[in-house]
Amino acid sequence: MSLLLYAESAEGKFKKVAFELASYAKKVAESLGTTVTAVTINAGDVSELSKYGVDKVLKVTNDKLSSFNAKAYADVIKQAAQKENAKVIVLSSTTDSIYLAPLVAVGLEAGYASNVVGLPLSTSPFQVKRNAFSNKAFNITEISTDVKVVGLAKNSYGLVESNSSLSTEDFSPSLNDADFSVKVENVEKVTGKVTIADAEVVVSGGRGLKGPENWGLVEELATVLGAATACSKPVSDLGWRPHSEHVGQTGKPVATNLYIAIGISGAIQHIAGINSSKVKVVINSDPEAPFFKVADYGVVGDAFEIVPKLTQKLKEFKAQNS
Amino acid sequence: MKILVCISHVPDTTSKINFINGDSEFDTNGVQFVINPNDEFGLTRAVWFQEQQGANVTVVNVGGPDTEPTLRKALAIGANEAIRVNANPMDGFFVAKQLAEVIKQGQYDLVICGKESLDYNGGMVPGMIAGLLGYNFVNSCIDVKVDGNSATAVREIDGGKETTSTSLPLVIGGQKGLVEEKDLRIPNMRGIMTARTKALTVLESVGANNNTKAVKFEKPAPKSAVKLVSADNLDELVNLLHNEAKVI
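Residue numbers (my numbering), protein chains in the order written: chain R, 7 to 328; chain Z, 3 to 250.
What the hints contain is simulated information worked out from the structure, not anything from laboratory work.
C-beta: ideal position from N, C-alpha, C; glycine also.
Keep in mind that a hint or two might mislead.
Chain Z residues, not near chain R, derived (Cβ > 10 angstroms throughout) [as the list claims (entries may be wrong)]:
no., residue
1, Gln54
2, Pro71
3, Asp93
4, Asn151
5, Arg157
6, Gly162
7, Gly193
8, Lys200
9, Val204
10, Asn213
To spell it out: a stretch of chain Z is covered by chain R in this simulated footprint if at least three of its residues, at any positions, have a beta carbon under 8 angstroms from a beta carbon of chain R; those stretches are [as the list claims (entries may be wrong)]:
no., region
11, 56 to 67
12, 76 to 86
13, 129 to 142
14, 229 to 238
Sequences and hints are given; from them, build the entire structure.
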């Protein structure tokens with residue numbers, strides 16, 4: 007028996023979430039008295055996983071898996087779980103992993119809890135705490151099946167180093183044509199820009215910025231912080247910014263370390279989407295804006311004055327501290 | 003083409019979230035229920051297929067009689083008929099099992115679900131349906147086109163989008179983008195009147211395990227008050243972010 011995690015990579019390199027997931031898996035494995043096996047798909051050097059407590063890697067290298075395919079990847083994870091007799095499978099909450107997770111669960115007749123925000127509250131019965139009601143509440147879920155799939159919410163555990171001696175084994179699962187019945191034809195990706203999904207910091211603008219021509223303010227602040235830019239729903243509905251930047255309950259969820267909201271009043275749906283962020287800063291001219299109730303730090307005043315000043319201060323700070 | 007749109011009956015996005023019976027149950031008192039927003043984008047897309055390509059659109063929900071107004075609303079928006087599987091939806095797998103059974107019986111070509119519901123946020127039902135039936139599946143879907151037996155589906159990925167080609171039968175986990183917000187339909191009087199006479203079939207549930215169980219709910223701990231920094235003292239904000247919050 008062991009615990010299995012799927013360590014995601016892109017272009018041969020592990021994503022940061024892979025290390026967060028390994029850190030988490032190590033701790034869960036300890037409480038179950040078992041070891042950690044990671045399955046990787048077309049990852050290059052896997053040795054870095056040993057820093058986060060992974061004992062064994064099942065390394066899959068296959069050209070047919072060069073682009074993500076949910077069904078095929080789920081099949082790989084399922085076969086790895088069966089080979090290792092894994093009773094707990096942990097997955098991250100990236101767009102790809104939440105896509106394949108239910109397929110893995112059905113394939114293994116496993117109960118699946120998604121959006122899990124911490125270590126299991128108990129392992130027998132197996133109970134986990136998860137986000138629910140769009141971050142307005144937590145839900146304690148018990149998984150009662152023999153095999154369990156746990157989806158760890160983004161940025162909810164962090165990195166914990168724990169050295170292990172890693173053994174690596176090449177693994178060639180058997181894949182069939184049905185695994186490839188959804189074919190990728192084309193990928194359009196913004197390059198050279200931090201995405202909301204990967205960002206440690208997100209700078210977001212609302213209607214308070216008065217028009218799309220003023221977005222330079224948001225972008226300059228984001229550049230200094232290496233942040234992704236985002237916007238509130240009205241801003242995307244008005245067409246000031248693309249839909250891909252809309253964050254909130256019906257837009258993209260944000261679970262970042264720092265979220266800066268400029269000229270966003272803080273409608274309940276917006277807050278629900280960004281509330282998993284660790285530190286929230288609000289800049290708004292209206293001291294009664296509901297966002298101040300959920301923020302950690304606030305500045306009341308005119309964004310057109312404050313944001314350029316803050317950008318300048320942060321530039322100076324970065325210059326001194328880099 | 004036969005389309006099934008799976009509808010989740012969820013609290014309105016502005017609802018106050020409270021729990022009763024020792025925090026074991028959601029408090030529905032005073033809560034307005036709506037069509038799950040992700041499902042509503044899918045429903046509007048389905049009605050588009052009906053108008054443009056002659057598709058027949060059925061909506062389905064797994065729930066008690068109290069969810070019927072939500073199904074009637076979906077009929078008023080334009081679905082041809084509705085099915086309610088009479089059961090208390092306890093777990094994502096249980097719901098997926100019920101829906102898979104409806105799909106098997108009705109031989110649907112395209113199954114449109116929202117990628118997740120805004121109450122339990124499980125995000126698992128569409129994938130599980132596809133897994134149970136062996137159907138093709140595209141999640142986080144922002145566009146779908148059907149030509150004969152072939153389909154093109156676009157999904158949102160981190161930092162962009164991916165176009166895939168596949169075939170029917172297909173299950174999608176849909177979201178905003180399937181149609182734009184401004185294209186969502188509000189039922190008109192004629193829609194509401196005709197919805198009253200459209201068929202709403204009630205089916206009994208099939209046996210399925212509850213693989214998971216919601217044991218308890220908790221509300222987030224109350225937040226400590228915001229620290230206000232003067233607009234003339236932004237050095238203090240930088241200092242707090244660096245030394246106290248440790249995020250820069």
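Here is what the structure says about each hint:
no.	hint	result
1	Gln54	holds (22 angstroms)
2	Pro71	holds (21 angstroms)
3	Asp93	violated (8 angstroms)
4	Asn151	holds (12 angstroms)
5	Arg157	violated (8 angstroms)
6	Gly162	violated (4 angstroms)
7	Gly193	holds (23 angstroms)
8	Lys200	holds (28 angstroms)
9	Val204	holds (27 angstroms)
10	Asn213	violated (3 angstroms)
11	56 to 67	violated (count 0)
12	76 to 86	violated (count 0)
13	129 to 142	holds (count 11)
14	229 to 238	holds (count 7)
Going through the hint list in order, the structure does not satisfy hints 3, 5, 6, 10, 11 and 12.
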